Structure formats: structure tokens, C-alpha cells
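S.K.: Here are the chains, one letter per residue:
There are 2 protein chains.
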Amino acid sequence: MSTIEVCLVPELYQYRKTAGNNHIAVVVDILRATTTIVIAVAQGVQKIIPVTDMNKLSEFKKNGYLIVSERDGLQSDFADFGNSPLQLINANIKNAAIAISTTNGTRALSVVNAADKILIGAFVNISALCSTLRTLNQNIVIVCSGWKYRFSLEDTLFAGAVCENLTGDNQFAGNDDSVIASMELWKQAKNDLLNYVSSSEHYQRLYSLGVGESVPYCFELDSYPVVPVLEGGTILNYSHH
Amino acid sequence: MSTIEVCLVPELYQYRKTAGNNHIAVVVDILRATTTIVIAVAQGVQKIIPVTDMNKLSEFKKNGYLIVSERDGLQSDFADFGNSPLQLINANIKNAAIAISTTNGTRALSVVNAADKILIGAFVNISALCSTLRTLNQNIVIVCSGWKYRFSLEDTLFAGAVCENLTGDNQFAGNDDSVIASMELWKQAKNDLLNYVSSSEHYQRLYSLGVGESVPYCFELDSYPVVPVLEGGTILNYSHH
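Protein chains in written order, with our numbering: chain R, 13 to 253; chain H, 13 to 253.
If we strip away everything but chain R, and leave its shape as in the complex, we get (with noise of 0.2 angstroms):
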């Protein structure tokens, strides 16, 4: 039987239970980068670079690529989109290089460097996600971005109902606590998810910077349906390869 195992912040994923290479790592950063990347994947773009150092940016700016760019929730001055799931629904980015770096996020999908294979999850995408994860049938390393090396409530809720999707017929097993624990928020929380994340840091903390109007769309399940996968650098849209 496979595996899966749940980091709730990128710096536990050294310390991670899953043994060897042979697993995929599911990366997700719910408020809002893997939302955003999920969406913009939808939206057609031919591919995602994202960059950790957000002065690599201006250089990619030079070499026509479209920036989201995100620190502490607001969008970087030079920047074309704000790490905003409804910027991205709303823009005509069909076919666009973009490269984007967030607080949280990117720094996430930087340090799943063991893994056989990089996902990108969000609740648009889950479903889709989960039934790949199911056809490929490896060991399973859920990554949480949280916040500035601290837990986030949404990321570990996403966690729980994938462990919930892939647990219930036992195609796989759960091989830690964070499993366990993530499951028990979860079963609490899916019948009324944006109101139990309501009172939650970053929730707050975007509504307070008044960038909050995208939050809903980042807890619509399924509307999104693609996988993207992180490859040798870039984000591409994981049917399509």
C-alpha cells in the first residue's frame, strides 16, 4: 500500500517520515499561491517559472514574461498581478510565460527538491488532483507553505481532505500524526469550510489589507480542474506532457 504523510510547514519536510526519492510531493499554498497557479495552468499559459529571489524578477520582466509578484499579501510594485486568483481569472493569459514569487509559496516549491515528482494542489483542483494521484500510486508527501515558517489553518485543511480522499478505500495509508490531525480539522470544517477558516491568521490578515474580495474563490472546490506539475524549473500543466 502507498503512503501519505503531511508537513505542516516547508521546514519539516528534511525531517519527513517517507523514506528515499520515490514519492511525490504535493505542494499547497491555499491563500493563494497554488490557487493562483492552479488558475492561471486553467487559463492556458505555457508555462510558470517560479523564483524564489524576487530580484531575479527584472529580468525576467525584460524577457516578456508577465510577473505575479507578492510580499506580505500585497503586490509588488512592479508587478503585473498581485498573487490574486480573481486578477488571474478576469486577465487574458492564454499562452503567457509568467514567472511569480510569493512570500510563501515559491519558497515551498523550492525545498521538495527529493521528490520523484511535484504537484500543485488547491481546493480548485482537488478532485482532479486526488484522482491523479490515485493513478500514479506512489508515496504521497503533502507540503503546507503556511506562514513565515508557522502552520496555516487553510493549507493543513486542504491536507486533511486529501488524506481523506485517499485514505477512505484504503488504496493508501496514513503514516503520521499530521495525517491523523488533519483529517480531525478537516471532518470539522468541510460542511461550512469559509466560515471555519474565517477566524484564521491570513484570512484576517487579507481582509484587513483590503485584498481580501479573492479569498472566497480560493475555497470553491473544483473549479479548476487541472494538475499542474513542477518540472525541471517550470510549472506546465501536467496532461499536457
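Derived by calculation from the structure, the hints in this document are not laboratory data. Warning: the hint list may mix true and false statements.
If several chains are the same, the list does not tell them apart, and a pair holds so long as it fits within one copy or across any two.
Said to hold, decoys possible - Distance condition first, Cα-Cα at most 25 angstroms in a straight line; then the derived SDA-like pairs of lysine to any residue:
1. K160 to T15
2. K74 to K202
3. K73 to D234
4. K68 to N107
5. K199 to A108
6. K160 to V123
7. K202 to N187
8. K160 to V223
9. K29 to S220
10. K29 to V223
11. K160 to A126
12. K29 to S122
13. K106 to I130
14. K29 to G224
15. K106 to A54
16. K29 to L221
17. K160 to Y27
18. K160 to M13
This one's a predicted model, so the numbers in the text were calculated from it and none came from an experiment.
Start from chain R and add chain H according to the hints.
M.R.: Quick look at chain H alone, frame taken from chain R:
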């Protein structure tokens, strides 16, 4: 209002939100180090020295200390006790000097060095601990020991129980998502605690190693109402100091 924060593993203490050193760290390792320490202090030991490096224990033994030592759940050869609350409940250790080294708990005690005060918590002293924390009325960081850098359910449930107690009447304000999550988990667990944790990783490990006999004692609330404090490398009874 004072704040309360939860670090789900010791490695996250360095990234805590609580600023400065004007805070109390509460270290918890329910299975079993902090339960063992609380019971030893309640039995009237003179002092306990937590020792991270197991190789240094022989020096303590030569100097007349009783040795509590465990790795991966099992008692070390040269030790007098094996991190088993049950052994200490039944031992005559009044006025003894003890040196203790365990897989996770003593490491957690060593990372909280930025704190103004370090208290030791477990279910067996939870009400006494909360009462002391209310009197001190400083910001609090609860540090869960976990298991080898990974999340543990039982430590998180304890953190949730303390947060519920202290935030209930608004003397303390929770200030991050791990407070929310740990309280939600505690809410589900508290009416049938031992059953709730029975699927957890370390509970299962202790029983499969044949050393589960002390586990139920670790979930008895308030059976040893003393509060150990770590000061200058030595654990003492806080009410005596």
C-alpha cells in the same frame, strides 16, 4: 492582554511570533518525558538535570545521580529508570538527584533558551500549570516535543487544553492558527481522550515495544498537581523556589 502561541515541534520555536524574551515557554512531551518529570518532582526529588547528550550521563552516575534514560522508547542499559512514569510512581526517590535524557523531551527543553521562564507541563499537572500561568500573566509559548522533529497528536491536544483554559475568559488571546487547530482537536478529544489518542503514532509505538503500561497514567488529568520549572539548567518545584 497576554498572548498564547503554540509551536507544534521544537524546531518551530525559532520562528515563533511572540517577540522578545519576555515570555514563558511551556515544554510538553506527554509520552513521556514531561509526565515523568512532573511525577518525579511531585515525589519530592531534590532536583532534575535534563541532559541532551546521553554520553554525559556516566559522569552524573559517578556523582550519585539516579539516571533516567530512554532512546526510541526503550530504557538505556546503564539507566536506573527508563522514562516510565509508572517506574517513578513506584520508586522511592524523595530527595534524590536525577539526570534525565530522552529522545525528544530533553531536546525540546534545550531549544527554548530565549524564554524568560521555562515551565514543564503534562496532563497530570494541567490545572496547576494553568493556575500558575494565570498568576504570572505573561505571554506564553507552548512548545510541543513531537517525535524526531515531527508532529505528535498527544502534545498538540495538551496545547489545545491549555489554550482552551486560558483563552476562555479572555485573560489570554490566542495569536496564531496553531492555537485554533489545537483547541479544535482538543474539543473533539476531551470527552474520550485515551481512546482518541489510541491511533496515534507514539501510543502505538510504545505498546508495540511492550512498554505501554504507563501510557494511561500520562492521560490522567491533575493526578500530580505540581509545576516544575527549569532554571539555570536545573528542574525544581516552582512553588518551592
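S.K.: A separate judgement is required for each hint: does it hold in the structure or not?
M.R.: Going down the list of hints, with the structure as the test:
1. Proximity of K160 and T15 under a CA criterion of 25 angstroms is satisfied inter-copy only: 19 angstroms between copies versus 28 angstroms inside one chain copy.
2. Taking CA atoms no more than 25 angstroms apart as the test, K74 paired with K202 passes in neither setting, with 44 angstroms inside one copy and 58 angstroms between copies.
3. Neither within a single protomer nor between protomers do K73 and D234 lie at most 25 angstroms apart by alpha-carbon distance, with minima of 31 angstroms and 62 angstroms respectively.
4. Taking the shortest Cα distances, K68 and N107 sit within 25 angstroms of each other inside one copy (22 angstroms), while across copies they are farther apart (63 angstroms).
5. Within a single copy, K199 and A108 get their C-alpha atoms no closer than 39 angstroms, and across copies no closer than 48 angstroms, so neither meets the 25 angstroms cut-off.
6. Both within a single protomer and between protomers do K160 and V123 lie at most 25 angstroms apart by alpha-carbon distance, with minima of 14 angstroms and 19 angstroms respectively.
7. In this assembly of identical chains, the alpha carbons of K202 and N187 lie at most 25 angstroms apart whether taken from the same copy (22 angstroms) or from different copies (23 angstroms).
8. Proximity of K160 to V223 under the C-alpha cut-off of 25 angstroms is restricted to the intra-copy arrangement: shortest distance 19 angstroms within a copy versus 39 angstroms between copies.
9. In this assembly of identical chains, the alpha carbons of K29 and S220 lie at most 25 angstroms apart only when taken from different copies (18 angstroms versus 38 angstroms within one copy).
10. Proximity of K29 to V223 under the C-alpha cut-off of 25 angstroms is restricted to the inter-copy arrangement: shortest distance 23 angstroms between copies versus 37 angstroms within a copy.
11. When the C-alpha separation of K160 and A126 is checked against a cutoff of 25 angstroms, the pair qualifies both within a copy, at 21 angstroms, and between copies, at 19 angstroms.
12. Taking the shortest alpha-carbon separations for K29 and S122, both the intra-copy value of 19 angstroms and the inter-copy value of 23 angstroms come in at or below 25 angstroms.
13. Only within a single protomer do K106 and I130 lie at most 25 angstroms apart by alpha-carbon distance; the minimum there is 23 angstroms, versus 56 angstroms between protomers.
14. In this assembly of identical chains, K29 and G224 lie within 25 angstroms of each other by CA distance solely across copies; the values are 23 angstroms between and 36 angstroms within a copy.
15. With identical chains, the CA atoms of K106 and A54 are at most 25 angstroms apart within one copy only, with a shortest distance of 9 angstroms there and 68 angstroms across copies.
16. In the homo-oligomer, the alpha carbons of K29 and L221 lie at most 25 angstroms apart only across protomers (19 angstroms), although the nearest pairing inside one protomer, at 38 angstroms, exceeds that limit.
17. For the homomeric pair K160 and Y27, the shortest alpha-carbon distances inside one copy (18 angstroms) and between copies (8 angstroms) are both at most 25 angstroms.
18. For the homomeric pair K160 and M13, the shortest alpha-carbon distance between copies (24 angstroms) is at most 25 angstroms, but the shortest distance inside one copy (34 angstroms) is not.
In terms of the numbered hints stated before, the structure departs from hints 2, 3 and 5, listed from lowest to highest.
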